[in-house]
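Protein chains in written order, with our numbering: chain X, 429 to 642; chain V, 874 to 996; chain P, 197 to 487.
Simulated from the structure, these hints should not be mistaken for laboratory data.
You may find that some hints are simply not true.
Facing chain V, according to a computed beta carbon distance under 7 angstroms, are these residues of chain P, among others [claimed, not checked]:
{"#": "1", "residue": "S462"}
{"#": "2", "residue": "S466"}
{"#": "3", "residue": "R472"}
{"#": "4", "residue": "A476"}
No farther apart than 20 angstroms at their CA atoms in a straight line, the calculated lysine to aspartate or glutamate pairs in the EDC-like style are these [what the hints assert, rightly or not]:
{"#": "5", "chain 1": "V", "residue 1": "K977", "chain 2": "X", "residue 2": "E619"}
{"#": "6", "chain 1": "X", "residue 1": "K540", "chain 2": "P", "residue 2": "D432"}
{"#": "7", "chain 1": "P", "residue 1": "K241", "chain 2": "P", "residue 2": "E214"}
{"#": "8", "chain 1": "P", "residue 1": "K226", "chain 2": "X", "residue 2": "E473"}
{"#": "9", "chain 1": "X", "residue 1": "K462", "chain 2": "X", "residue 2": "E489"}
{"#": "10", "chain 1": "P", "residue 1": "K226", "chain 2": "X", "residue 2": "D477"}
{"#": "11", "chain 1": "X", "residue 1": "K540", "chain 2": "P", "residue 2": "E232"}
{"#": "12", "chain 1": "X", "residue 1": "K540", "chain 2": "P", "residue 2": "D433"}
{"#": "13", "chain 1": "X", "residue 1": "K540", "chain 2": "P", "residue 2": "E273"}
{"#": "14", "chain 1": "V", "residue 1": "K977", "chain 2": "X", "residue 2": "D554"}
{"#": "15", "chain 1": "X", "residue 1": "K540", "chain 2": "P", "residue 2": "E233"}
{"#": "16", "chain 1": "V", "residue 1": "K977", "chain 2": "X", "residue 2": "E523"}
{"#": "17", "chain 1": "V", "residue 1": "K977", "chain 2": "X", "residue 2": "D584"}
{"#": "18", "chain 1": "P", "residue 1": "K469", "chain 2": "X", "residue 2": "D493"}
{"#": "19", "chain 1": "P", "residue 1": "K226", "chain 2": "P", "residue 2": "E214"}
{"#": "20", "chain 1": "X", "residue 1": "K462", "chain 2": "P", "residue 2": "E484"}
{"#": "21", "chain 1": "P", "residue 1": "K469", "chain 2": "V", "residue 2": "E903"}
{"#": "22", "chain 1": "X", "residue 1": "K540", "chain 2": "P", "residue 2": "E221"}
{"#": "23", "chain 1": "P", "residue 1": "K469", "chain 2": "V", "residue 2": "D916"}
{"#": "24", "chain 1": "V", "residue 1": "K977", "chain 2": "X", "residue 2": "D585"}
{"#": "25", "chain 1": "P", "residue 1": "K469", "chain 2": "V", "residue 2": "D943"}
{"#": "26", "chain 1": "P", "residue 1": "K469", "chain 2": "V", "residue 2": "E892"}
Ideal Cβ positions, reconstructed from N, Cα and C, are used throughout, including at glycine.
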Amino acid sequence: MPLIRRDDAAPAPGQERREIPRDREGLIAQLDDKRPVARRRASRELAGDAGAVDALCDALEREQDEGCRHAMLTALLVTGGQRVQERLLPLLRSEDAALRNGAIEVLQGMPKLAAGYMDELLADPDSDVRIFAVNILESLRHERVPDWLRGVLERDDHVNVCAAAVDVLTEVGDDHCLDALRQLPARFPGEPFIAFAVRTAERRITGEERGDGR
Amino acid sequence: MTRVLVVDDAQTVRLYHRELLEQDGFDVDEAVNGLEALERLADTPYDLLLVDVNMPRMDGYTCVRRVRTDGPDIGVPVIMVTTEGAAGDREQALSAGANLHMAKPVQPEVLLSRVRLMSGVLS
Amino acid sequence: MAADAPREATEVPGIGYEDFTRFREFYYRKTGNWFEENKRYYVDKRLLARMRATGCGTFREYFVRLRFETDGAELQELVNSMTVNETYFFREEYQFQCLVRSMLPRVVKRKKPGETVRIWSLPCSTGEEVYSLALYLLEYWDDVDDYNVELIGSDIDTRALEKANQGIYEGRALHALPGPLLKRYFRRLPDGSHQILKSIRDSIRISRVNLQDPLETRPYRGFDVVFCRNLLIYFDDAARRRAAETLYDALNPGGYICLGHSEFMSRISSLFKPARFPEAIVYQRPEEDQT
Ligand SMILES: C[S@@+](CC[C@H](N)C(=O)[O-])C[C@H]1O[C@@H](n2cnc3c(N)ncnc32)[C@H](O)[C@@H]1O
Numbered sequence: 429m430p431l432i433r434r435d436d437a438a439p440a441p442g443q444e445r446r447e448i449p450r451d452r453e454g455l456i457a458q459l460d461d462k463r464p465v466a467r468r469r470a471s472r473e474l475a476g477d478a479g480a481v482d483a484l485c486d487a488l489e490r491e492q493d494e495g496c497r498h499a500m501l502t503a504l505l506v507t508g509g510q511r512v513q514e515r516l517l518p519l520l521r522s523e524d525a526a527l528r529n530g531a532i533e534v535l536q537g538m539p540k541l542a543a544g545y546m547d548e549l550l551a552d553p554d555s556d557v558r559i560f561a562v563n564i565l566e567s568l569r570h571e572r573v574p575d576w577l578r579g580v581l582e583r584d585d586h587v588n589v590c591a592a593a594v595d596v597l598t599e600v601g602d603d604h605c606l607d608a609l610r611q612l613p614a615r616f617p618g619e620p621f622i623a624f625a626v627r628t629a630e631r632r633i634t635g636e637e638r639g640d641g642r
Numbered sequence: 874m875t876r877v878l879v880v881d882d883a884q885t886v887r888l889y890h891r892e893l894l895e896q897d898g899f900d901v902d903e904a905v906n907g908l909e910a911l912e913r914l915a916d917t918p919y920d921l922l923l924v925d926v927n928m929p930r931m932d933g934y935t936c937v938r939r940v941r942t943d944g945p946d947i948g949v950p951v952i953m954v955t956t957e958g959a960a961g962d963r964e965q966a967l968s969a970g971a972n973l974h975m976a977k978p979v980q981p982e983v984l985l986s987r988v989r990l991m992s993g994v995l996s
Numbered sequence: 197m198a199a200d201a202p203r204e205a206t207e208v209p210g211i212g213y214e215d216f217t218r219f220r221e222f223y224y225r226k227t228g229n230w231f232e233e234n235k236r237y238y239v240d241k242r243l244l245a246r247m248r249a250t251g252c253g254t255f256r257e258y259f260v261r262l263r264f265e266t267d268g269a270e271l272q273e274l275v276n277s278m279t280v281n282e283t284y285f286f287r288e289e290y291q292f293q294c295l296v297r298s299m300l301p302r303v304v305k306r307k308k309p310g311e312t313v314r315i316w317s318l319p320c321s322t323g324e325e326v327y328s329l330a331l332y333l334l335e336y337w338d339d340v341d342d343y344n345v346e347l348i349g350s351d352i353d354t355r356a357l358e359k360a361n362q363g364i365y366e367g368r369a370l371h372a373l374p375g376p377l378l379k380r381y382f383r384r385l386p387d388g389s390h391q392i393l394k395s396i397r398d399s400i401r402i403s404r405v406n407l408q409d410p411l412e413t414r415p416y417r418g419f420d421v422v423f424c425r426n427l428l429i430y431f432d433d434a435a436r437r438r439a440a441e442t443l444y445d446a447l448n449p450g451g452y453i454c455l456g457h458s459e460f461m462s463r464i465s466s467l468f469k470p471a472r473f474p475e476a477i478v479y480q481r482p483e484e485d486q487t
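Only chain X is shown next, with the shape it has when bound in the complex (with noise of 0.2 angstroms):
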C-alpha cells in the first residue's frame, strides 16, 4: 500500500504542545542556542512579547544566519512599539545591507510612530540614512507620506535623495506635490535622469499618457 497513514507517527495538534513549558527566560536563552532551528523557534514564539524585544534585537544584532534574522525581525514586526523601533532606527548606520533593508520593513510596517522620527531622519547628516528614511516612506500608510516627500524635494541638496524622493511620489504623489516636481530639474541641472524620473511622475500623476501611447 503506497499511501500510508500514520496516526501515530506525528501527534495530533493539541496534544504535543511544547516539550517542556517555557517562560519568556527560557526562550530568551534559547536565541543563543546552537542550532538554528531552536532559534527560529524561540522568535517566533517571542513575537507579541514586548518584554522581549530588547534581547531580541541584541540577538539580531550578533545572528549570522539568515532565517534565523528573518524570524528575529517577524517577531519584532509583530510586536511592534516604540521600543522596537528605537532599537531598529541605528541599524540603519548598518554596514549590512541586508539587515539594513531586514529593519526598513519593519518600520515600514509600524506607521503610527513613524511622525516621532521621521522629520529627525529626514534631516540626518547622512544622505544614504536620508535615502532609507524615504525608502521606509515608500510604503509606509501614513498621511503625512506626500508633505515629507514634499519637503525632500524642497529641501534636501543630494541628487540621490530627492531622486528616491520622485521616484515614490510616482505612486502616492498628488496634485500637491507637482509644483516642487517641477522645480526640481532647475536644481539638478547635470542630471538627465532627475529630469526624466520627473517626467515620469508628473505623468502619473497628471493621468496624462504620453504620445508613443507607453
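Model the placement of chains V and P with the ligand on the given structure of chain X, informed by the hints.
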C-alpha cells in the same frame, strides 16, 4: 539579441535604464528585488545583470552572492549600482561577486559604455 | 468581490466603524487574515449572523464573549463562517504534474526505497486538494509502489474539514477531474453526488491547524513537499512572513513548496530559492541549510 536584467526597486530607475538600453538595441527585463531577479534567472538566461543594492526582501549583495554560488549561470556578468561612490560600496560589490561597480546617479553614456563592455557587445 | 461592490458603503445596523476596526485587529491577531475596508459588508454580515446564533443583542456583548471564552468554541464557529473555502479537484493541475515529474524524482533520490515521502496540503479546505494529490500519485507517479507516501491535509476551518473527511462532492468541485478518474475512485450516491472511495479516505490524514499559531504548527515537520495555495493572499505582510518561516521549518532541507498562481515568494521572503522545472516554478528550501 543581448538580454539585460535590470534589478531595482525604484520604478523610475528601471524605466530609465530600460529606455536607454532599448534605444541602444538591448532586450531588457525588470525585477523589483533580488529574489525576483533569482526567479527570472531560473527562467531565462541573461547576458548581463544590472543590480541595485538597497531593495526590500532581498538586497543586491545577497542576490549577487546567491547568483555566484548556485545560480543557473554563475558566471553571468554583473554590474552593481550603489548610491554613494564610497570605497566601502565598491569593495562590498566586488566581493559579493560583481564585475563592475557604478555610482548613482548614472550618466547615460557611462551606463551604455559599461553595459556594452560587460555584455560582450564590444568583444 | 464584484457582487459586493455596490453595497460597500452600506453599514450593517448594530456594528459601527469602530466595532469593525476593533474586530478586524482581533481577528487578524488570531488568524493572520486581514480585512480591507471594502470587506466591511462581508464581515459585518457574518458577525451579525453569529450574534443572532449566540443570542447576543449587541456587538459589544458578542465581542466580550468572543474574547473571554476559554474553550475557543465561538471563535472556531466564527472562523468557519469567515473563511473562503473555494477549491476544486485538479486546480492548477500543472503543479501536480510538476510534483510527479520533477519534484518527487528529486526528493526520492535522497531516500532509500521503503522510506516515507511526506506531503502536506495546507490549507486543504474541503479536501479537494489533498485528494487530488492522492489520485495524482496513484495514477501518474511511476514509482508510487516503491515508496510509502504520507499525505496530510490541514485547515483552520473545522466545518470544511468535516466535509473533507466525508469526501462527498458534486458539481463545480469535480469539473476539472478527468471522467475516468471519477469512475475509478468515486462511488455515486443516490442523490447524484460522488463520494471518494473509503480506501482513499482512510489513507490520508486530516487535521485542524492554524498556520499563524507557532505552537499548533510545531509538530508539523519533516515534509518533502508542501502545497500552500491560495491562503497567503488573505494574509498581510507580517502574517505572510510568519507563514513562510513556519513552512520553512516544516520542510526538510531541499524540500519544495507550491504556492497559488497569484502568490509569489519574491514578494514575501528570502528564505526559499526558486526552482525552475519544465512544468512550473516552485520554491525550495536550500539543501545545504543546517537545521
Ligand atoms: C481558498 S481556500 C484554498 C484551498 C486550496 N488550497 C486551493 O487552493 O484550492 C483557503 C483556505 O484557507 C484556510 N485558512 C484561512 N486562514 C488560515 C490559517 N490561519 N491557517 C490555516 N488555514 C487557514 C481557510 O479556512 C480556507 O479553507
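A quick look at each hint next to the structure:
At about 4 angstroms, the closest approach between the beta carbon of S462(P) and any beta carbon in chain V falls short of 7 angstroms, and the interface hint on this residue holds. A least Cβ separation of about 4 angstroms between S466(P) and chain V falls short of the 7 angstroms threshold, and the interface hint therefore holds. Annotation: R472(P) was flagged as interfacial toward chain V, and the flag holds, the nearest CB pair being 4 angstroms apart, inside 7 angstroms. With a cut of 7 angstroms, the hint placing A476(P) at the interface with chain V is violated, because the nearest CB-to-CB distance is about 11 angstroms.
With a CA separation close to 10 angstroms, the supplied pair K977(V) and E619(X) stays within the 20 angstroms bound. For the hint pairing K540(X) with D432(P), the CA-to-CA distance comes to about 17 angstroms; that is within 20 angstroms, so the pair holds. About 16 angstroms separates the Cα atoms of K241(P) and E214(P), which keeps this hinted pair within 20 angstroms; it holds. Proximity of K226(P) to E473(X) is assessed by CA-CA distance (about 14 angstroms); at most 20 angstroms being required, the pair is judged to hold.
Distance hint between K462(X) and E489(X) is fulfilled; the C-alpha atoms sit about 16 angstroms from each other, no more than 20 angstroms. In summary, the hint linking K226(P) to D477(X) is supported, as the alpha carbons are separated by about 15 angstroms, within the 20 angstroms threshold. About 18 angstroms separates the Cα atoms of K540(X) and E232(P), which keeps this hinted pair within 20 angstroms; it holds. For the proposed pair K540(X) and D433(P), the alpha carbon gap of about 16 angstroms is at most 20 angstroms, so the pair holds.
Our distance criterion of 20 angstroms between C-alpha atoms is broken by K540(X) and E273(P), whose separation comes to about 33 angstroms. Pair hint K977(V) plus D554(X) holds up; C-alpha atoms about 16 angstroms apart against a cutoff of 20 angstroms. Distance hint between K540(X) and E233(P) is fulfilled; the C-alpha atoms sit about 18 angstroms from each other, no more than 20 angstroms. Of the supplied pair hints, the one linking K977(V) and E523(X) holds, its CA atoms being roughly 18 angstroms apart against a limit of 20 angstroms.
As the CA atoms of K977(V) and D584(X) are separated by approximately 16 angstroms, the hinted pair is consistent with the 20 angstroms bound. In summary, the hint linking K469(P) to D493(X) is supported, as the alpha carbons are separated by about 16 angstroms, within the 20 angstroms threshold. Taking the CA atoms of K226(P) and E214(P), the gap is about 19 angstroms. The hint holds against a cut of 20 angstroms. Proposed proximity of K462(X) and E484(P) is supported: the alpha carbons are some 17 angstroms apart, at most 20 angstroms.
Straight-line distance between C-alpha atoms of K469(P) and E903(V) comes to about 18 angstroms, which keeps the hinted pair within the 20 angstroms bound. Under the criterion of a C-alpha separation no larger than 20 angstroms, the hint pairing K540(X) with E221(P) is consistent with the structure, at around 15 angstroms. Between K469(P) and D916(V) the CA atoms are separated by roughly 13 angstroms; this keeps the pair inside 20 angstroms, and the hint holds. Note on K977(V) and D585(X): the hinted pairing holds, with a Cα-Cα distance of about 15 angstroms set against a maximum of 20 angstroms.
Under the criterion of a C-alpha separation no larger than 20 angstroms, the hint pairing K469(P) with D943(V) is consistent with the structure, at around 10 angstroms. Between K469(P) and E892(V) the CA atoms are separated by roughly 30 angstroms; this puts the pair beyond 20 angstroms, and the hint is violated.
In summary, the structure is inconsistent with hints 4, 13, 26 from the numbered list given earlier, while agreeing with the others.
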